[in-house]
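Peer 1: Each chain, written out:
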Amino acid sequence: MTSTSIKLNETPQTRAYLSLADDALILGHRTSEWTGHAPLLEEELALANIALDLIGQARALYQAAGDLTGHSEDELAYLRDPPMFRNALIMELPNGDFAFTIARLFLVSVASDQQWRRGFDDPALVAVADKAMKETAYHIRHAAEWLIRLGDGTDESHRRAQQAVDTLWPFTGEITAARQTWLDAVTPVLARATLRQPKDGWMQSGGRSGRHTEHLGHLLAEMQILPRTYPGATW
Amino acid sequence: MVTDDALLERARAAAASVTDPELPPLTVEDLGILRDVRLNDGIVEVSITPTYSGCPAMREITDGIAAAVRNSGAEQVRVRLVLSPAWTTDWLTDIARAKLLDLGIVPPEPGRPLQTLFDRPALACPRCQSTNTEQVSAFGSTACKALHRCLNCREPFEEFKCH
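Sequences listed follow chains H and F, in order. In terms of the numbering used here, the first sequence is residues 1 to 235. In terms of the numbering used here, the second sequence is residues 1001 to 1163.
Keep in mind that the hints were calculated from the coordinates and are not lab data. One or more hints might be untrue.
[To be verified] Label-pair restraints from in silico Cβ distances:
# : chain 1 : residue 1 : chain 2 : residue 2 : range
1 : H       : Thr35     : F       : Glu1060   : 50 to 56 angstroms
2 : H       : Arg211    : F       : Arg1078   : 25 to 31 angstroms
3 : H       : Arg117    : F       : Ala1067   : 38 to 44 angstroms
4 : F       : Glu1060   : H       : Tyr230    : 45 to 51 angstroms
5 : H       : Val126    : F       : Ala1067   : 29 to 35 angstroms
6 : H       : Lys7      : F       : Ala1016   : 29 to 35 angstroms
Values in this document were obtained by computation on a predicted structure and should not be read as measured data. Ideal placement from N, C-alpha and C gives every residue a C-beta, glycine not left out.
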């Protein structure tokens, strides 16, 4: 393996694979940043487990993409520059506080769950989806229960949860093509959490075409430094 | 000269005897991870399937199976990871369920609600059978387990999550 960046000639099919894979990898990486910092031990376990699921899903998707592109999973994860990443912008936003992390996990997991369940024409993606949908269902439950506790908790936790939902909302346009179905699942949980659902308005976009926030470059710098510095390193 | 049938038989037994590093009393066969063992042009091909996408034990299991099959007399072995059909806790054998209970781990209960928020029925403690128990953590020491405690005998116990 070299340390030089790779460029792909993407087809609509490889781009579809990479969108799914990059979403899982980038959110998995962000979630893993909580390891050692979570507010309590049980949450430490939970976030580490969720990150592990997401990174596992990403690996399976990169392996499937590798069959199309001729690049290994490691090359796809470690040797692409930020504009080659196809993840939605919401995945790369910094973790913020615990409320922000939980609200994002909830909003994204609902979209992922619905995507896995809608199915794919491609058998390789169906195989990943059949496995991932059970994991994602568990992530939704965990995030939803927390969001309800935070929203319907103290004044401070409510304020932070509301702020998180408000900040994240303009980033949710990129994560689902079936907005109404997604809202149908999100609305009841927000209501139970006593959180105000923001109005749908202008939506941030660009991640799918490689126009990212400044945060992705920093994330990738940390994630990619080892294989870029020591090409082919093993341990 | 070993016949192909005998070679395959030995390879299959060797692969099936490999244990899960996270749950050493259970073999890959007990857990339903081992899907297929066949002979293809002199190469023993073993198919395994992960329990969870990110299960970190897969690497060790793969290496363990390759070594065990080689020790059984096969010269070449290939271990393949297959995702489809997706693993489910329904594939746990009765032996596996009994072994889990022995370890103080409640085996998965089919039909346990995955999506319901908050109100899930309490599990029976594997030691004293009391249902006066509570979940401590939805996620446990490995991807496949959750942590509970018995309020009757005061012992913590794990649950193999239904999946």
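Peer 1: List, from low to high, the hint numbers that the structure doesn't satisfy.
Peer 2: 1, 2, 4, 6
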